[in-house]
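K.L.:
Same order as they appear, the protein sequences are chains A and B. 787 is the number of the first residue of the first sequence in my numbering; add one for each residue after it. 31 is the number of the first residue of the second sequence in my numbering; add one for each residue after it.
Please keep in mind that the hints were generated in silico from the structure rather than gathered at the bench. Possibly wrong hints are sitting among the right ones.
What the hints assert, rightly or not - Below, a sample of chain B positions facing chain A; criterion: calculated Cβ distance under 7 Å:
no., residue
1, I59
2, R73
3, V116
4, A150
5, S182
6, Y210
7, Y249
8, K253
9, P312
10, L314
11, S317
What the hints assert, rightly or not - In silico lysine-lysine, DSS-like type, Cα no more than 25 Å apart, as pairs:
no., chain 1, residue 1, chain 2, residue 2
12, B, K140, A, K1060
13, B, K253, A, K1060
14, B, K315, A, K1060
15, B, K229, B, K273
Claimed, not checked - Which residues of chain B face chain A? A few of them, derived with a C-beta cut under 7 Å, are:
no., residue
16, Q58
17, T62
18, Y65
19, S96
20, T101
21, W103
22, N104
23, F107
24, N141
25, Y142
26, C187
27, D208
28, S213
29, Q259
30, I351
31, G354
Virtual Cβ for every residue (Gly too), placed ideally from N, Cα, C.
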Amino acid sequence: MERNLNRFKFINNKLLGRKKPIIERELSSEEEMDVISDTSDYQTETIADRNEVLKDCLPLLEDPDLESKLNRDFLKMYLTAAFSLQLPSQMTALDASQPWILYWVANSLYMLDAAWLTDDHKKRLKEKIFVISPDGGPFAGGIGQLPHVAATYAAINTLTLCDNIDNSWDLVNRDAILNWLLSIKQKNGGFKTSFTVGENDTRGVYCALSIASLLNIITPELTENVLEYLIACQNFEGGFGGCPQEDEAHGGYTFCAVAALAILGKLDSINIPKLIEWCATKQYNEEKGFCGRSNKLVDGCYSFWVGGTIAILEAYGYGDYIFDHDSLREYILRCCQDDKMPGLRDKPGKRPDFYHTNYVLSGLAITEYKFDILDKTNATSIIVKKRDNIGYSELNPVNPIYGIPIDVASKIYDHFR
Amino acid sequence: MMSEFDVSLYSDIEPLPIETGLDNELCQIMYTDEYKQVIGIARRLISNGEFSERALDLTSCVIDLSPAFYTIWNYRFNIVTALMAVSGDIEAFLNKELDWLDEVTLNNPKNYQIWSYRQALLEVHPNASLKRELPVLEMMIDEDTKNYHVWSYRKWCVQKFNDFTNEFQFADSLIEKDIYNNSAWTHRMFVLKNLTSNKNEDNWNEQLKKETIDFEIEYAKQKITLCPQNVSSWNYLRGILDKYFDEDYTINGIDEFAIQYIDNIFEKNESELTETNSTNLPQLKSSYALQFVADGYSRIPDKKNMAIKAYKSLSIKYDPIRRGLWNHMISKLSA
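Work the whole structure out from these sequences, hints included.
P.N.:
Laid out in structure tokens, this is it:
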């Protein structure tokens, strides 16, 4: 760490001519040398990229003037602006993911304060979801588009957040959604994202099972071979890849597989110790946040993809020792927010966006609670207790399996039973 | 811009609206006029069920503007399968389509839809070949050596054509370029598992399997020697020992190999392995070596104390962010 800091100071002073003086402080003896000797003659792209990130993160992590506190009001401003202004044309890139935008913003608001997602928001959210897919599902990314499993996932999560406003839950066409899910189901147990051409990976499985379990439309036909598919996605490192072919272990796909296994009630079918170790080794000693794959860069969104996976394991009784909660909070609160630009981000130097805001915030919420489950056959029956001796950002707890607040998830689950 | 939008081709087409018309709509995107026109025409052609050359051209324009628009990829696939049937030369028609796709691929490295579309094309191609696929994949990896989609698609291809000839060498070339590239290490494991699987029994006798596995262990050790603090090479080594040697991390003295990177940690007494005295512990070359020895020894009854010492030193000094995990391992061993 010392070497990296020195490197940073050199770059700042000599190369960038930085005006603000670098804060010097006495290093504790612990920090006087790296505990692991660097093989400095072995510089590759991976090391160079990581050094760039360290150069940005370490000063923020060490800055005594910076407070590790969520700027709730600044975030509220960002999110309510998203719900009161039109989105600029650059966001056309998300034209086929419109329910996702609604979910990310609504979920973030609700986590911060349930009352900040107002009845007016809920009515307009519901209205937009049903104007995109007037038949009540399966849902598309925008009007005139084909149904898509991830769009349907985001739409159902958004409607869940709307808390059955105007009895909107009964407008959901559960039969049509089940029939369509069966049409995208593949022989190998996977699900394609859309019919007929679409990706077949653990995202499809997770979205399908999340939707079907909330709407109570899980059938034996729907889950046939799914378990075998998911088991085959766990690779030699312990995490899960996208496809059952020794794909690289990846935080996003690991979350999808583990959440899907939890919904199936089959977490005991995989190698849990390897999974735990893989999740744990995604947290860096220096940056303190999670990366998504071995030797890749830290990214705030994995606070949820990996942190959420860990919370699921904790809820199902596999232990609460898997990651360092305080350290992850330091990364989130010091490196993922900025006092000039509202919203949360991947890492310093990146612009905030709705995706990162939602998943960084969800990850932060996970650090503040202990997870348990009342009934392992009902994934919405997760319960939480506030953790002791850790900061508190007044966030509503998230059900890590569904990525939505615990109360609304269990409410829609009960509604359809 | 690869595909110029020529509006005169579609003068008979009344675009459908792409805006919801809702008052007070949440998160409404401010589309450009060009986008509204192009997508509006596409919507009309889709609803008319038109499968024509001009429809194909239009999908190229849409994909230029909005590559993640999955509906258009589906529509394009339907157009292509309709047109190839009447083209007189399916293979030539699909090769042209693949050429177009190569260019789109190189311009959109992070896109998801391209790869499933490519798979769908290869499934209908009468004479698809791995050779046709490799150059674009290598260019993509050259640009971004850890591109998840490309590595995953490459695995799919290699299995589809059951041709692993280039794969060890390919993984090796990427590991040579960047020894920390975990995607390349994972690919190597994919190749090893496939070549040594029972499916492959015809070509690979037991002797060849054994020699290959031994070679891979040496390969991992050699890369660890070059660069001991690398999670990828250690995970590869552990993966091999887990699968082929029943998680025995002491086979052929491999524990001795790891111990050279952890100084004389085992000679420390308990009072030296405490939080307060941790500053006196030496600098190590690899925390992964320490974990390797700890995990290996934790499975051997008379080496449990050594495993505990190793976990302890990880916890207090060499890998403190995971102290929860290491302390958990210690309490399991002490129980």
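K.L.:
So which of those numbered hints doesn't the model satisfy?
P.N.:
Numbers 3, 7, 8, 9, 12, 24 and 26, in rising order.
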